[in-house]
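Engineer: If you want the building blocks of each chain, they are given just below.
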Amino acid sequence: MMAEKSKLKGTVADIGLNKNLGNLAFWIHRISGFGLTVYLLMHTYVLSSAISSPRSFDARMGQVQNPFFAVLEILLIAGVLVHMLNGLRITLIDFFDWSRSHKALFWAAVVLFALMMILVIYLQLPKFNPENYGMGG
Amino acid sequence: MVERAGNQSVLSWFLQRISGLFLAFFLITHLNVHHLFHDITTEGIIDFASVQANLASSVWWQVYYFLFVPLIAFHAMNGLWAILADYRPSGGPAIILKTLFWVVGFVLTAVGALTLINLFGGGQ
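In order, the protein sequence lines correspond to chains A and B.
Take the first sequence: its position 78, counted from the start at 1, is 78 in the working numbering, and no numbers get skipped.
Basically the working numbering = 1-based index in the second sequence + 137.
The set of hints was computed from the structure by calculation and includes no laboratory data.
Be a bit skeptical, because a hint or two may be false.
[What the hints assert, rightly or not] Here are some chain A residues pointing at chain B (derived, C-beta under 10 angstroms):
| hint | residue |
| --- | --- |
| 1 | L21 |
| 2 | G22 |
| 3 | L24 |
| 4 | A25 |
| 5 | I28 |
| 6 | R30 |
| 7 | R55 |
| 8 | G62 |
| 9 | D94 |
| 10 | W98 |
| 11 | Q124 |
| 12 | N129 |
| 13 | N132 |
[What the hints assert, rightly or not] According to the in silico footprint, chain A covers these stretches of chain B (three or more CB under 8 angstroms from chain A):
| hint | stretch |
| --- | --- |
| 14 | 168-175 |
| 15 | 178-186 |
| 16 | 193-202 |
| 17 | 233-240 |
Each residue gets a CB set at the ideal place from its N, CA and C atoms; glycine is no exception.
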């Protein structure tokens with residue numbers, strides 16, 4: 001266990017020592033991947049209420065659809081896009097031996113991310129208005 | 138010398154990339170249909186009936202989600218394992234953690250599949 005602990009400490013020091021894009025992308029990928037796994041467990045838990053009854057599904061789904069969760073939803077989609085774009089970057093580097101272009105690919109991913117997020121926020125706008133909830137359904 | 142479990146295997150590395158490519162497609166579709174292009178002003182909030190109507194619209198949605206659930210469970214658990222493997226855990230903890238990830242992956246897939254069956258079937 002001591003060895004594992006010192007390895008973790010070494011990792012923290014490593015972030016400060018390797019101040020380059022590749023290392024930044026590496027840690028963004030790990031942290032976003034961990035966060036998405038936590039979300040996946042929560043998402044499955046909320047939706048699993050469909051197993052007991054449609055009414056309990058509706059009750060729980062009602063709790064997570066409001067302007068507050070619409071903001072969280074943007075963070076979620078940002079996390080998905082970050083992980084997806086960097087994942088595609090890693091796959092291109094690994095499969096096509098493009099490691100020499102890893103920095104250019106990083107900036108390409110940043111540009112794509114920014115463009116996608118503008119669209120995402122635009123599409124989410126109606127969900128920020130509390131008056132838009134409670135109709136239909 | 139403590140025996141080390143070693144780093145992530147080549148198969149684990151390869152499957153992470155292949156499942157990731159599929160997930161890129163699955164997630165873009167899923168997020169568009171159920172998150173981004175769900176018009177709150179005309180369709181109202183998402184409930185059991187609307188999800189069921191959406192899923193029943195094509196048999197391909199059933200194929201889609203029954204592939205999506207195990208794929209994402211695998212990618213998540215294999216990803217966590219890849220992170221841990223970098224710290225080269227010793228034999229005992231490595232086996233316990235690997236088993237734990239497999240169990241969580243299977244439970245996630247089973248709960249997801251049961252949820253889908255209820256959403257497709259209309260529940261009780």
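Engineer: Going through the earlier hints one by one, which of them does the structure break, listed in rising order?
Structural biologist: 1, 2, 3, 4, 5, 10, 16, 17
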